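Undergrad: Make a model of the complete structure from these sequences and hints.
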Amino acid sequence: MSKLAEYRGKLNLTQEELSTKSGVSVRTIQRIESGIPPKGYTLKALAKALDLDEADLQANETTTEQVDYKLVNIINLSSLMVVFIPILNAIVPLVITHTKKQYNPLTKQIITFQVLWSVVIISVFLLGHMLNLGEFGRNSLITFLLFLVLSNVYVILRNSIELNKNKKLYFGLNFSII
0 MSKLAEYRGK LNLTQEELST KSGVSVRTIQ RIESGIPPKG YTLKALAKAL
50 DLDEADLQAN ETTTEQVDYK LVNIINLSSL MVVFIPILNA IVPLVITHTK
100 KQYNPLTKQI ITFQVLWSVV IISVFLLGHM LNLGEFGRNS LITFLLFLVL
150 SNVYVILRNS IELNKNKKLY FGLNFSII
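Residue 177 is where the sequence shown ends in this note's numbering, and the numbering goes up by one at each step.
In short, the hints are calculated from the structure, not lab data.
Quick caveat, the model's predicted, so the values are computed rather than measured.
Incorrect hints may have been included.
Below, simulated DSSO-like cross-link-like pairs (lysine-lysine); rule was C-alpha separation at most 30 Å, straight line [claimed, not checked]:
| id | residue 1 | residue 2 |
| --- | --- | --- |
| 1 | K167 | K38 |
| 2 | K164 | K69 |
| 3 | K166 | K69 |
Computed spacing ranges between beta-carbons, pair by pair [unchecked claim]:
| id | residue 1 | residue 2 | range |
| --- | --- | --- | --- |
| 4 | S24 | L149 | 47 to 55 Å |
| 5 | K167 | F83 | 21 to 29 Å |
| 6 | L147 | Y102 | 25 to 33 Å |
We treat Cβ as the ideally placed atom computed from N, Cα and C, and that holds for glycine.
TA: Here it is in structure tokens:
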């Protein structure tokens, strides 16, 4: 049961009554109750009609119930296998997430972080080659790239420890690109 349906039921409102009270169409209410999260004006209107905070309607109780934290940790650690190959360190966890159907905020953050990390490493590599820095510059570039890779290893391992202890990411993001 969705949060919206739960709160609507507590107030003994039908979908039609909530629609009239909030100004949101019945069809939109049905979509939200089927699992599509409310956004923007719809979220504000429904929260106001139900006398709730917007965050209460955004909470997804199925996410916390369906998260397999061991699998999320495996997805996180899968990046270690290919940490020296920038694109693969995002593709491997994405493939595991897709095959195991573990679409949740944690896996999305893990994959987003690896994608961004790949972009940074590839950008630094390309920039270093375009600038033609000479022998010293090339050695400095390799050292810096190694530092970036080792930093990524640290982030992956630290997130793994935090997942085991507190079921959250130590280095999390507030957004997702997937």
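Undergrad: Given the hinted pair K166 and K69, is their alpha-carbon gap at most 30 Å?
TA: Answer holds: K166 to K69 is near 9 Å, not above 30 Å.
Undergrad: Kindly confirm whether 47 to 55 Å is satisfied by the beta carbon distance between S24 and L149.
TA: Given range 47 to 55 Å: holds, Cβ gap about 53 Å.
Undergrad: Can you confirm whether the C-alpha distance between K164 and K69 stays at or below 30 Å?
TA: Measuring from Cα to Cα gives roughly 11 Å; hence the hint holds.
Undergrad: Has the hinted range 21 to 29 Å been met by the Cβ atoms of K167 and F83?
TA: holds (27 Å)
Undergrad: Check whether the Cα positions of K167 and K38 lie no farther apart than 30 Å.
TA: Holds - the C-alpha atoms of K38 and K167 are around 24 Å apart, at most 30 Å.
Undergrad: Is it true that the C-beta distance of L147 to Y102 lies inside 25 to 33 Å, as the hint says?
TA: holds (28 Å)
Of the numbered hints given earlier, the model fails none.
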